[in-house]
Amino acid sequence: MKKIEAIIKPFKLEEVKTGLADIGIEGMTVTEVKGFGRQKGHTEIYRGSEYTVDFLPKIKLEVVVSDDVLDKAVEAIIRTAKTGKIGDGKIFILPVEQAIRIRTEEQGDRAV
Amino acid sequence: MKKIEAIIKPFKLEEVKTGLADIGIEGMTVTEVKGFGRQKGHTEIYRGSEYTVDFLPKIKLEVVVSDDVLDKAVEAIIRTAKTGKIGDGKIFILPVEQAIRIRTEEQGDRAV
Amino acid sequence: MKKIEAIIKPFKLEEVKTGLADIGIEGMTVTEVKGFGRQKGHTEIYRGSEYTVDFLPKIKLEVVVSDDVLDKAVEAIIRTAKTGKIGDGKIFILPVEQAIRIRTEEQGDRAV
Amino acid sequence: MFKKLAIMAGLAALCLSAPLAAHAQSPAPAAPAPMEQRVSDLEAIQTNNPPSAGGLLEKYAAPAHNTWIMVSSGLVLFMTLPGLALFYGGLVRRKNVLSILAQCLGLTAVVTVLWWAIGYSLAFGKGGILGGAEFAFFKGVEFEPNRTYSNWVSHNIWAIYQLTFAIITPALTIGAVAERMKFSAVMLFSVLWMFVVYFPAAHLFWGDGGWFNGLANADAKVHAIDFAGGIVVHITSGWSALILCILLGKRKDFGRTPMPPHSMVLCTAGTGMLWVGWYGFNAGSAVAADRVATTAFVSTTLSAAVGCLVWGAIEWIQRGKPSVLGMCSGAVAGLATITPASGFVSSQSAVIIGFCAGLTTWFACAKLKAMLGYDDALDTFGVHAIGGTVGTILAGVFADPHFNPNLDNNLSKLVGNGLWLEQVKGSLIMIVWSVGASAILFFVVKALIGVRPTPEDEEQGLDLADHGEEGYIET
Amino acid sequence: MFKKLAIMAGLAALCLSAPLAAHAQSPAPAAPAPMEQRVSDLEAIQTNNPPSAGGLLEKYAAPAHNTWIMVSSGLVLFMTLPGLALFYGGLVRRKNVLSILAQCLGLTAVVTVLWWAIGYSLAFGKGGILGGAEFAFFKGVEFEPNRTYSNWVSHNIWAIYQLTFAIITPALTIGAVAERMKFSAVMLFSVLWMFVVYFPAAHLFWGDGGWFNGLANADAKVHAIDFAGGIVVHITSGWSALILCILLGKRKDFGRTPMPPHSMVLCTAGTGMLWVGWYGFNAGSAVAADRVATTAFVSTTLSAAVGCLVWGAIEWIQRGKPSVLGMCSGAVAGLATITPASGFVSSQSAVIIGFCAGLTTWFACAKLKAMLGYDDALDTFGVHAIGGTVGTILAGVFADPHFNPNLDNNLSKLVGNGLWLEQVKGSLIMIVWSVGASAILFFVVKALIGVRPTPEDEEQGLDLADHGEEGYIET
Amino acid sequence: MFKKLAIMAGLAALCLSAPLAAHAQSPAPAAPAPMEQRVSDLEAIQTNNPPSAGGLLEKYAAPAHNTWIMVSSGLVLFMTLPGLALFYGGLVRRKNVLSILAQCLGLTAVVTVLWWAIGYSLAFGKGGILGGAEFAFFKGVEFEPNRTYSNWVSHNIWAIYQLTFAIITPALTIGAVAERMKFSAVMLFSVLWMFVVYFPAAHLFWGDGGWFNGLANADAKVHAIDFAGGIVVHITSGWSALILCILLGKRKDFGRTPMPPHSMVLCTAGTGMLWVGWYGFNAGSAVAADRVATTAFVSTTLSAAVGCLVWGAIEWIQRGKPSVLGMCSGAVAGLATITPASGFVSSQSAVIIGFCAGLTTWFACAKLKAMLGYDDALDTFGVHAIGGTVGTILAGVFADPHFNPNLDNNLSKLVGNGLWLEQVKGSLIMIVWSVGASAILFFVVKALIGVRPTPEDEEQGLDLADHGEEGYIET
Ligand SMILES: Nc1ncnc2c1ncn2[C@@H]1O[C@H](COP(=O)(O)OP(=O)(O)O)[C@@H](O)[C@H]1O
Ligand SMILES: Nc1ncnc2c1ncn2[C@@H]1O[C@H](COP(=O)(O)OP(=O)(O)O)[C@@H](O)[C@H]1O
Ligand SMILES: Nc1ncnc2c1ncn2[C@@H]1O[C@H](COP(=O)(O)OP(=O)(O)O)[C@@H](O)[C@H]1O
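Protein chains in written order, with numbering that gives the first Met the number 0: chain A, 0 to 111; chain S, 0 to 111; chain C, 0 to 111; chain Z, 0 to 474; chain W, 0 to 474; chain U, 0 to 474.
Hint data in this document are derived by calculation from the structure and do not stem from the laboratory. Treat the hints with care, as some may be off.
Straight-line Cα separation of at most 20 Å, DMTMM-like style, residue types lysine to aspartate or glutamate; simulated pairs [unchecked claim]: (1) A/39 with W/455; (2) W/368 with S/49; (3) C/84 with U/456; (4) W/320 with Z/455; (5) S/33 with A/14; (6) W/58 with W/42; (7) W/320 with Z/374; (8) U/320 with W/455; (9) W/251 with A/14; (10) C/81 with U/455; (11) S/84 with A/105; (12) W/138 with U/399; (13) S/39 with A/13; (14) W/220 with W/407; (15) A/33 with C/31; (16) C/16 with U/399; (17) Z/320 with U/456; (18) C/33 with A/31; (19) Z/249 with Z/374; (20) C/39 with U/455; (21) S/33 with Z/455; (22) Z/125 with Z/143; (23) S/1 with C/96; (24) U/320 with W/457.
Between beta-carbon pairs, the in silico distance windows are [unchecked claim]: (25) W/252 with A/78: 12 to 20 Å; (26) W/252 with U/445: 52 to 60 Å; (27) S/40 with C/53: 42 to 50 Å; (28) S/104 with U/254: 48 to 56 Å; (29) A/49 with S/21: 47 to 55 Å; (30) S/13 with A/51: 49 to 57 Å.
Beyond 10 Å from chain U on every Cβ pair, some chain W residues (computed) [said to hold, decoys possible]: (31) 88; (32) 128; (33) 431; (34) 443.
All C-beta atoms in this analysis are idealised placements derived from N, C-alpha and C, irrespective of residue type, glycine included.
Given these sequences and hints, build the entire structure.
If you want it as structure tokens, here you go:
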């Protein structure tokens, strides 16, 4: 099993979710995060005091998948999240040793 | 060392925390996340416009533990987080290569 | 590649970010989290009802780095995040199997 | 009683559907009255005395007094919307904030319609316990003052002014049962409660011929005074709240899960609005912009300030820091407590009353509640029942004809003498009445439609369960 | 220093114990008018009749009426800031909340300056379609009443009172185009719109010699009545809003991305403020604290309450729960719909009008909009255009001289007769005018400076794009 | 002075504890005065002239004027709670929002009690620098007007009206030291400051016999005018704020960490409330609903609007977009700047004053502060000190007896002549006084209880440190 962590633009979430659902992925977890990268932020000025915002709102999507679905899932994310503009984000793949569904205590691929 | 990531129902947090503390776990980190899964969401209607919410509020609990505590910890989480109803959440176990306590720069099991 | 997850005090974020940027790290993702640990919380009282807060606001910083930068990055975080007081936080290092830049589909070290 | 009501309603409906004719001619100008009479009528406006019979002004309200009561009506409505809505709304958890707003808004709308249809008539028509149907559907409630209640304020704006009291009273009650009573149950309970508790209470203490209307009714059975609603508003709502929250039971996970206010910012903003609006409540209750109004304005200000200070000071002494919620609570307690006394007392007495307000309500909220263990979610009992009761009794102690000459009409023997005992009597009767009636109504509503949400709904929050909406959406 | 201060204070107290002299002598009294005239002038203040010529009071406004209009001016401004700003601000997405606030604030400021410079003069000077420049820069707009508009209210406070209407009207419009129109475009459009739509509309229906001013102008071309702005405010803004939002196109991703209100808490708080402020709008439109004012106060209350109930009830029946937004919308719809009728009708009629308000605006917002598919973001059309139009026509049906004797001046033949047809005519003319003019102005503004933000700006939110600020900062 | 105060307090306490007897008889009706006198007294109410001696109305306040001052008192309190509380509260960081609310609420309560006990008497009793103890504990401050201050407004509501000014003045100051001064220190400092700065200032410029009361005191040492508090409120608070924030030092990490407003939504809502409330502040300062009141109402509106526009326009030109904070600041600056002039000037002058307001306060906040480097957290100095000073001087330039006939009493020679110089003198004296006294008090408070929280507390936020609460709880 692998965990896919995708950092994407917030307004792409719906599309990515649908894209993943289309290939049969039924579970995921999202977090509102702030990203720092090449995409430049903006400056706000409050009565003459500057306030530079270089952490931009992003969505972190976490999906744990069995190894055989991994590639399809990554591809689905790339396809749906890409705008081609700087700041589109990253996908990281991490190893997962075990997954357990709390309700049923099922383990492994059956739990995700 | 392993990292346990547990996605649980928000109102179970107190119980899970106590459950973990009871077995001697003294540190953990929680994040408010939104989960998509089998548990179905709800529809809100604002003056006739529907707004379907299928990301439900969840808590992600992260605990890094030494290998020998792992099973007890997982078991404690399952015990305290389970309601038996759909949406109880998942536990994922990921390998951790190193842990460092920033304050003391202690490393490994002593840092968690 | 490794993922560094650092749990730090919120007001240290600017410094840590600068510290990482200084050693050439150009991307990172931060999340507002709540931490439970040795640092003790506080008690609020609302008209006689106590409300104990033992989850304290923390920042989780995630940086995926190539293996060769890892040590410098960890060191930079420790240096900038340390206050020497309890609650300074932890650094965890996790293996990453793959990284992909969504925009360009670049993979591996070139993606981070 | 319900049969009588039904008949009344039927009759009124008939009147309503009859052609709205016959009333379109302006009053034919009579021969002008003698100069002396005309001037003294004009003076009577300034001194808030009744006009002479037969003069031009007899059919008129006075703009100055009308303005004050229009303003006061606006202020008291402002107390409920958005004042109380934000005060209470800030005190609940995030997932229930809309349920509070919905209840405040829903009660405003429902009580308005009830009041127009029959409530005003039952409260301010003529009778002992209740008025008759004479004013159903605001029949005859028009521009000309109803001089039973006011020398110079239009009957219709007086009716609306009183409406705003009728609105806020059940809205206060919902604080005790917040976060765990279904919207439908709150609405049904409140509608019944208006008939069984509020309309009688308003009539008994303020109505034409009301049995406990010590100020205006020489033949009152209890010679109680209640300037702006210590009994009629705060005792009825506060004591009903107590029994309701006991019968309803505690919130799910009460005691196990912390339930702190989700936004002390909203709560404090609401406190400010309540304070400002309360001037309409108390100073408006003079039903004129006269000496009694300014007296009430002063005493209201002082009691609120002292209540706020006292509560804050107790916390500071007791645990090293004054909380914002404590100061807000003290201010509101000071306001509730001075209410029955506000137009009767000196500024010095107001300070003393504010002091007692802070002390007693702090004790009720921070100690008594914990000791007894009921779950009065937002402390309606602790603040309003205790404040209202203490204030009602203190009104009997401190009422002073120098500040309100009306006390000399029927109460000259009691003032400074046994008046406080009448106050105790009046309070006790309405406490028993409110508690008893609310208990019965609770079971009626429970039997009819149920009162509590399912545990899942309570868990998820009433905003989604009862209204299908969320208070805040982050995206 | 303290000692010195004390001594000084003491000395000063001694030195200055002389009387503070008579600092209140006013314009030298002319030969006093006969007693009869003086007394009847004083009575005229109470009855809101004009003063006699040549009396002392002819040059004066009356404090009682002035107070009410000062209060009302404050209330109507309060409707825009913060009332409408919060109501609308809560309904948009988080990233656009400041753009709403900025537009409300910016319009307040810009319209104020326009009004002072020339707008008041164009609206309330003498003429058929527009007034002249006689009051430009508030020349001559001072303390003495302009008795064309009011017996006893100062000309200058009347001008400010009307300013608050001129402010809120374009502010209502922005609801339809929220989240996708540039700040600069909103400002430019509104400035032009004031000249092309609002000033004429205000003049036509309310101005001295206005062609459609049925109440005051015996020679009116259309004998329409509009008590507090059903046509002048709600029809002009609401129908302009419709055409604007159609021409502007839908919000980016409309239909694909959900766009729920980011804070129903702000929205509900704003609703409460709108309701309270609306008393200044409607009851203030009597331009006196007289019988018409209290009539309007009553009808406003009832229509709001009934509108709220009806909308809530429909939702309850239709999908099992009443939403807070539904109840808020119903209340605002009740308020908008009663506006043109408020000072003309009985309480019973107000209830019927409130009922129609809830029904029709619910249908427009929840059904019609979906059927036709335009993106009226915050339902300015659904609530204000529909409410205003329905209310204008119903005002013609229910207007009753018993509640407003002014109807007997020029309209006695039409009242209860063909008045509703005049109302239809007046409405139609202004609907066509508003839609046509707004369409043209839209293209003008588009050509000059463009109307829509870039898709990136719209994506990021107008708060950052147009103002470089964020509504909420979490740190 | 403290000794004297103590004696006064003792005496007053004696009075207070004495039986509340002797004053309970209603005024015995004297033989009616001649008709001419009675009618001219009634007219005097309408024209705001004093009543004749010995007439019936001599002992009465007039409902119309009383209503306006009751309303105005409510409005000015509304400015502080919740107006200023939200305006300032929105501008701080999330972790300090409650500390602002607590300080506003705490000051309201504390100043009220001080004012009642002795403050009103010191400010409005008779004397040169300070009044005496004649009104301690509101002794004799009752319904009958104090005709030194008002012809027709009750003494007690006048006292409460002035209280609301006494409340907001120290509350303005806290903006400069926000986020880094202990609650206890703010309270102690403010209490002392009231005695050393506010009570004298109010007395000097407005009090009976006040040395700088140019309007009412023919023998004034400086013939300054201050309509609604340019000097008394804005200069004292604003310049005290400057020295305080310098002595206190910068916020921890100032310059290194960004400290943007946590909620421009609250801030803007507060701005709207301040604007509306300011009508009570300025138009209420006529202490009557007379021509001066409506004049002030007009000029207040115009200056606010122009200030808002100017600030927004500068930002637009300078960096391509107008910020909401800029527009809010400009509006508040316009309000503060017109304050001393509001009841003295034409609408045209008000526009010019608003223009200067926007320009100068923008420069102070956006440029001067950065140049000099002090940390005036919420720009109390930049907006209130600068606005108040500029407005005070401009009041001297533009004051016009046509708009305020009282200028003809003692100042006819100075108006349009050297009056501006008197304004400069008055301002300078109070600037020096405020800065000096505040500096001393700062060190007194520092020595007694310390002024700054620990760095840890400052880091964690004052909400938790000083009040043990959080502004927002997400669960
Ligand atoms: N090394 C990294 N570790 C963790 N997150 C990263 C890293 N680099 C980028 N990110 C995340 O990806 C987001 C997009 O990166 P950015 O460099 O702005 O654009 P792009 O991915 O298109 O080159 C960032 O905002 C950040 O959240
Ligand atoms: N494959 C997955 N990867 C990451 N998170 C998941 C995955 N599947 C489920 N989750 C998380 O677990 C939560 C519960 O899952 P759900 O399917 O609703 O119920 P249950 O776990 O009881 O079957 C989801 O809301 C989501 O946050
Ligand atoms: N075992 C753990 N797993 C995950 N997070 C942890 C763990 N232990 C500590 N943390 C995080 O680190 C933070 C700091 O830990 P704490 O014990 O308070 O101080 P210190 O790290 O200085 O000893 C905690 O608030 C929590 O967020």
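For each hint, the structure was consulted:
1. A/39 with W/455: 14 Å, holds
2. W/368 with S/49: Distance of about 13 Å is within 20 Å: holds.
3. C/84 with U/456: 15 Å, holds
4. W/320 with Z/455: 17 Å, holds
5. S/33 with A/14: The given pair, whose Cα atoms are some 16 Å apart, holds under the 20 Å limit.
6. W/58 with W/42: 16 Å, holds
7. W/320 with Z/374: Violated - the C-alpha atoms of residue 374 of chain Z and residue 320 of chain W are around 27 Å apart, more than 20 Å.
8. U/320 with W/455: With Cα atoms ~17 Å apart, residue 320 of chain U and residue 455 of chain W stay inside 20 Å; holds.
9. W/251 with A/14: Given that 20 Å is the threshold and the Cα spacing comes to 15 Å, the pair holds.
10. C/81 with U/455: This hinted pair holds, its Cα atoms lying about 15 Å apart.
11. S/84 with A/105: With a Cα-Cα distance of about 14 Å, the restraint between residue 84 of chain S and residue 105 of chain A holds, given a limit of 20 Å.
12. W/138 with U/399: Holds, at about 15 Å.
13. S/39 with A/13: 16 Å, holds
14. W/220 with W/407: Measuring from Cα to Cα gives roughly 18 Å; hence the hint holds.
15. A/33 with C/31: Holds - the C-alpha atoms of residue 31 of chain C and residue 33 of chain A are around 9 Å apart, at most 20 Å.
16. C/16 with U/399: Judged against 20 Å, a Cα distance of about 60 Å means the pair is violated.
17. Z/320 with U/456: 13 Å, holds
18. C/33 with A/31: 14 Å, holds
19. Z/249 with Z/374: Satisfied, since the Cα-Cα distance of roughly 5 Å is no more than 20 Å.
20. C/39 with U/455: 14 Å, holds
21. S/33 with Z/455: 19 Å, holds
22. Z/125 with Z/143: Since the Cα atoms of residue 125 of chain Z and residue 143 of chain Z sit roughly 18 Å apart, the hinted pair holds (cutoff 20 Å).
23. S/1 with C/96: 16 Å, holds
24. U/320 with W/457: Cα-Cα ~16 Å, so holds.
25. W/252 with A/78: 12 to 20 Å: About 18 Å separates the Cβ atoms of residue 252 of chain W and residue 78 of chain A, which means 12 to 20 Å holds.
26. W/252 with U/445: 52 to 60 Å: 57 Å, holds
27. S/40 with C/53: 42 to 50 Å: 31 Å, violated
28. S/104 with U/254: 48 to 56 Å: At roughly 30 Å between Cβ atoms, residue 254 of chain U and residue 104 of chain S fall outside 48 to 56 Å, so the hint is violated.
29. A/49 with S/21: 47 to 55 Å: 50 Å, holds
30. S/13 with A/51: 49 to 57 Å: 39 Å, violated
31. 88: Incorrect as stated: the minimum Cβ-Cβ distance to chain U is 7 Å, not above 10 Å.
32. 128: 26 Å, holds
33. 431: Its Cβ never comes within 10 Å of chain U, the nearest being 32 Å, so this holds.
34. 443: Given that every Cβ of chain U is farther than 10 Å from that of residue 443 of chain W, nearest at about 21 Å, it holds.
Figure legend: structure checked against the earlier numbered hints; hints not met, in rising order: 7, 16, 27, 28, 30, 31.
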